[in-house]
Amino acid sequence: MRAVLRQAVHLVVVLFCVTLFVALLTSMLPGDPVNAIAGFGTDAQKEQIRDRLGLDDPLPVQYVRWVGDFVRGDLGDYWSVTGARPVMDRVREALPVSLQLMLYAQVLALVVAIPLGVATAYRAGSRFDRASNATAFGMLAIPNFALALVLAYYVGVQAGWLPVSGYVSPSEDLIEHFRRMAMPAIALAVGQIAVYMRLLRSDMIATLQEDFITMAKAKGISPRRVLWRHALRPSSLTLLTVAGLNVGTLIGSTVVVEVIFSLPGLGSLLFEAITARQYIAFQSLVAIIAIGYVLLNFMVDVLYAVLDPRIRHARA
Amino acid sequence: MPEPKVDVTADVGGAPELPSLTPITTVQPVDLVRAEGGVPLTGAAARRGKLGVMGILSISWLVLIVALAVLAPVLPIEDPNKIIASIARQPPGTDGHILGGDVLGRDMLSRLIWGARASLLIGTLSVLLGLVLGGLLGLVAGYFRGRWDNILTGGFDILLSFPQLILALTLVTVFASGAGTTYGVRMSVLILALGVVSIPVLGRITRANTLSWCQREFVLAARALGAKQREIMFKEVLPNVLPAMFSIALLGVAVVIVAEGGLSLLGVGTPLPTPSWGNIIAEGRSELRNAPHIVIEPTIVIFLTVFALNYLGDVVRARFDVRESAL
Amino acid sequence: MIRGRRRRVAPVAADYHQPGTRLLDVNDLKTYFRTPRGMVRAVDGVSLTLDRGKTLGLVGESGCGKSVLSRSIMGLLPSTAERTGEIIFGSERLDTMGPEALRSYWGTQLAMVFQDPMTSLNPVMRIGRQITESLEVHTDMDKNQARDTALALLKSVHIPEAERRLDQYPHELSGGMRQRVVIAVALACGPQLLFADEPTTALDVTVQAQILDLLSEQQRERHMAVVLVSHDLGVVAGRTQEIAVMYAGQIVEHAPTSVLFSEVRMPYTEALLRSVPRLENPSHTRLAVIGGRPPDLIDPPAGCRFAARCPYVQPRCLEEQPPLQEADTPGHLFRCWYPVGTQAGTEALERNLAAHVPQAEAAVSGDLAVEAS
Numbered sequence: 000m001r002a003v004l005r006q007a008v009h010l011v012v013v014l015f016c017v018t019l020f021v022a023l024l025t026s027m028l029p030g031d032p033v034n035a036i037a038g039f040g041t042d043a044q045k046e047q048i049r050d051r052l053g054l055d056d057p058l059p060v061q062y063v064r065w066v067g068d069f070v071r072g073d074l075g076d077y078w079s080v081t082g083a084r085p086v087m088d089r090v091r092e093a094l095p096v097s098l099q100l101m102l103y104a105q106v107l108a109l110v111v112a113i114p115l116g117v118a119t120a121y122r123a124g125s126r127f128d129r130a131s132n133a134t135a136f137g138m139l140a141i142p143n144f145a146l147a148l149v150l151a152y153y154v155g156v157q158a159g160w161l162p163v164s165g166y167v168s169p170s171e172d173l174i175e176h177f178r179r180m181a182m183p184a185i186a187l188a189v190g191q192i193a194v195y196m197r198l199l200r201s202d203m204i205a206t207l208q209e210d211f212i213t214m215a216k217a218k219g220i221s222p223r224r225v226l227w228r229h230a231l232r233p234s235s236l237t238l239l240t241v242a243g244l245n246v247g248t249l250i251g252s253t254v255v256v257e258v259i260f261s262l263p264g265l266g267s268l269l270f271e272a273i274t275a276r277q278y279i280a281f282q283s284l285v286a287i288i289a290i291g292y293v294l295l296n297f298m299v300d301v302l303y304a305v306l307d308p309r310i311r312h313a314r315a
Numbered sequence: 000m001p002e003p004k005v006d007v008t009a010d011v012g013g014a015p016e017l018p019s020l021t022p023i024t025t026v027q028p029v030d031l032v033r034a035e036g037g038v039p040l041t042g043a044a045a046r047r048g049k050l051g052v053m054g055i056l057s058i059s060w061l062v063l064i065v066a067l068a069v070l071a072p073v074l075p076i077e078d079p080n081k082i083i084a085s086i087a088r089q090p091p092g093t094d095g096h097i098l099g100g101d102v103l104g105r106d107m108l109s110r111l112i113w114g115a116r117a118s119l120l121i122g123t124l125s126v127l128l129g130l131v132l133g134g135l136l137g138l139v140a141g142y143f144r145g146r147w148d149n150i151l152t153g154g155f156d157i158l159l160s161f162p163q164l165i166l167a168l169t170l171v172t173v174f175a176s177g178a179g180t181t182y183g184v185r186m187s188v189l190i191l192a193l194g195v196v197s198i199p200v201l202g203r204i205t206r207a208n209t210l211s212w213c214q215r216e217f218v219l220a221a222r223a224l225g226a227k228q229r230e231i232m233f234k235e236v237l238p239n240v241l242p243a244m245f246s247i248a249l250l251g252v253a254v255v256i257v258a259e260g261g262l263s264l265l266g267v268g269t270p271l272p273t274p275s276w277g278n279i280i281a282e283g284r285s286e287l288r289n290a291p292h293i294v295i296e297p298t299i300v301i302f303l304t305v306f307a308l309n310y311l312g313d314v315v316r317a318r319f320d321v322r323e324s325a326l
Numbered sequence: 000m001i002r003g004r005r006r007r008v009a010p011v012a013a014d015y016h017q018p019g020t021r022l023l024d025v026n027d028l029k030t031y032f033r034t035p036r037g038m039v040r041a042v043d044g045v046s047l048t049l050d051r052g053k054t055l056g057l058v059g060e061s062g063c064g065k066s067v068l069s070r071s072i073m074g075l076l077p078s079t080a081e082r083t084g085e086i087i088f089g090s091e092r093l094d095t096m097g098p099e100a101l102r103s104y105w106g107t108q109l110a111m112v113f114q115d116p117m118t119s120l121n122p123v124m125r126i127g128r129q130i131t132e133s134l135e136v137h138t139d140m141d142k143n144q145a146r147d148t149a150l151a152l153l154k155s156v157h158i159p160e161a162e163r164r165l166d167q168y169p170h171e172l173s174g175g176m177r178q179r180v181v182i183a184v185a186l187a188c189g190p191q192l193l194f195a196d197e198p199t200t201a202l203d204v205t206v207q208a209q210i211l212d213l214l215s216e217q218q219r220e221r222h223m224a225v226v227l228v229s230h231d232l233g234v235v236a237g238r239t240q241e242i243a244v245m246y247a248g249q250i251v252e253h254a255p256t257s258v259l260f261s262e263v264r265m266p267y268t269e270a271l272l273r274s275v276p277r278l279e280n281p282s283h284t285r286l287a288v289i290g291g292r293p294p295d296l297i298d299p300p301a302g303c304r305f306a307a308r309c310p311y312v313q314p315r316c317l318e319e320q321p322p323l324q325e326a327d328t329p330g331h332l333f334r335c336w337y338p339v340g341t342q343a344g345t346e347a348l349e350r351n352l353a354a355h356v357p358q359a360e361a362a363v364s365g366d367l368a369v370e371a372s
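Protein chains in written order, with numbering that gives the first Met the number 0: chain A, 0 to 315; chain B, 0 to 326; chain C, 0 to 372.
Please note that a few of the clues may not be correct.
[Claimed, not checked] Derived Cβ-Cβ restraints for the label pairs, each shown as a range:
1) C:Ala208 <-> A:Asp210: 16 to 26 Å
2) A:Asp56 <-> B:Gly183: 24 to 34 Å
3) A:Asn34 <-> B:Thr181: 14 to 24 Å
4) B:Pro90 <-> A:Asp56: 51 to 61 Å
5) A:Glu175 <-> C:Gly97: 33 to 43 Å
6) C:Gly97 <-> B:Phe245: 34 to 44 Å
7) C:Lys29 <-> A:Asp210: 43 to 53 Å
The hints are simulated quantities; they were obtained by calculation from the structure and are not laboratory data. Note that the Cβ used here is the ideal one computed from N, Cα and C, for glycine as well.
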């Protein structure tokens, strides 16, 4: 219990620091941000923006105001030649896309990594094992965006199997949805596959040494059944925890992959905001991503602490 | 023989995590995992700390690109900014241009070599910054422990609470993407931003190693002999911590090179027209259909470099980890 | 006992089911392990036979190869192991059998009970499931039949509240009960031969007797042959018909149980018997230990392997390895040049005492010398 409390305190401290940093971003901008955001706008609009930014106020006031706005869901406006659109609206549209992509990437990585991990653990030391080990290492060396581009070219452009850009929501057309998410998900998953496979492999090798595995074999059960029904479950704890935590780590790569495949998620939105110098929107987006990341890690940390005694027990 | 258990949670050096603000430092971002060397993926030779064929190849590649990058101004290659309209987007081999032309008609080979300068410069300087600052802070945290340790580790944790790339992106956007940003400012901010992002990683590794080395007897002996804290820290502990730091630094350079690539794709990497591997890819994106070589060539170069750095990083770590555990 | 029909039935001889038939015939079994340092000769030429319904005790100190022997006969060896020798079970050759065929024997004809019930049961699988899995794999019972059979098995190993236990996990049971479950799992498909590899070593003394009684009971009811492996002579004393004593990978004495205790021939066995503490001894009696350590199994000595620690050792022992010879009583084999209780042996001991050979003096100075008959 005390551990959870400590983590909660830690969470508050971190959130404070993160929001402080983000809230003061606009005040750290060199030059006049108003012209950057809406240089084409009317004087009245510029005054509106200036008010919102409140750059003349002392920093603590700026911070409090920003937090207040953020908590109320007021993320500012996104300015373009056609006018202002609330950032919150755009976030609401973009968030599901990003979440879907990150989820698919993790699931895909697990689906591929688990059988590979099992197989290489069973045949540890064999040529197959060493070959997949080398491949895994190679996979880690490929930057996600580079893989995304290569895939986009060979699979998308050359072979024409999958579309290279655009997004279709699952409620519209499920198949098209997956066709468009396939390459982005693969690009993100490949690096993960390498890590997960090796993680599972080493846990399984340890499990396969245990007595109950020998006992299961002595019952006359086929090796496949022993591997999948007996050895896999106790070995998969670390893997699943890591997979859960890793959802957040892919944020940076997800942003880039979204841009490459023109998926309208938070990453693309962020990119747009930077290019269009929409600093208010940029600030809000960074806040959302950072806070989301912090909360996600917090939840997984708590979960791990809760599961830990049972994990230790299950392994005993 | 069963594989030693891969422990993604342990800091290198095996020091027990003191109760920091983050009670459980389970998983790090995959980048960090790689950077912290949490997942050794190399073959048997590397795990034993030996170079092997792959090691030699890796060193050769790195030496090659560093040499090319350093010697770029005096090499008999085209000016990287010179535009030759006829070779624009032409595949490798056109008119004696071995690697073809880029989107505007500049020679790819020369842009890649000059790109090595930018990418490697950013990579090494950022990591150096992280190494010096992070290493120093980590050393202090690990050596003095107590209040300083808590503060510093807390600082590291807070920095780590931000997704790495997003933090770098934010810093560069805020400080160096305005209309009047010069090349110098942008590069400096890039290096600083990526350096700042590396500080907590290197800091924690250094701290963990320092903790474990401080427990050894020769440190106690030095103290008993009346040596000053600073002397002990720098003369006794630091030399032993350096190898682990070096290994992480190698991995870190790889991470930064990739990060610069990502930032370039998002428009905030090395400013054009100066080439870097990342921004060549970014430029080439629009011509992927017609001139894929513009994207593929720098991709291959990055891949080989990252591979070589990862491999050597693992070899260095294996060599020095083995010695530590033998003690 | 099993209601379903067996799948993949292995062919058996006509007189297979008669009690007293020869069930197991092992000839010159050798099991070597490949290690970086060399070949470890864990089992170095073992031959034995076992009849249906009989119990063979396999005794020796840690590292003598008794566990490896059981696993070698079953075939449960890792890939680093190399095994030669004949293993005849019923009328089939186990040593030349392919892995799939061998697997069809495991659980159905041959079974093993391991030492530590805490680690030999799958911690995340329910007890009932661990039993029914065996049944489902080897017979064509459906789920309900399997569950009923599992229930019956748990009752037959005297687990109280068997119905409730079926759905529990191993960690919810005590050590003794877990071992009973392990026995139930092993016996689920009615094997003819059971290897009990130190089944009570990890248990409390009070529970040990219960488990051993259970094993005896099951053996009687099922006419099983049992190989009872232990380092503890007390465990095998009253529950076996024959005992084989192993040392450094070889059998050094093999006799009907009563004969072993009364007509011991091999000095190692004598030393083992001597080292068993007895209630009737006065308090503060020193425990008799066998000085020295077993030989290196990678490069075993040329002569008798016990020579370095033997009170009766003579020059011949260091040069020539004694073969297994038959003693006066039929069925009693031993491996020694100067056996206990013979004139040659007694003279050897006296010569050693006169020469102040340390292990001879140590052996004799204890008040617990077994009376040679």
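Now the hints, each set against the structure:
In this structure, C:Ala208 and A:Asp210 meet the distance hint of 16 to 26 Å, their C-beta atoms being roughly 23 Å apart. The hint said 24 to 34 Å for the Cβ distance between A:Asp56 and B:Gly183, and at roughly 33 Å that hint holds. Distance hint for A:Asn34 and B:Thr181: a CB-CB separation of about 19 Å, consistent with the stated range 14 to 24 Å. Checked against the given bound of 51 to 61 Å, the beta carbons of B:Pro90 and A:Asp56, roughly 58 Å apart, stay inside it.
Evaluation of the 33 to 43 Å hint for A:Glu175 and C:Gly97 yields a failure: the beta carbon distance comes to about 51 Å. A C-beta distance of roughly 53 Å is found between C:Gly97 and B:Phe245, which places it outside the suggested range of 34 to 44 Å. At roughly 25 Å, the beta carbons of C:Lys29 and A:Asp210 sit outside the given window of 43 to 53 Å.
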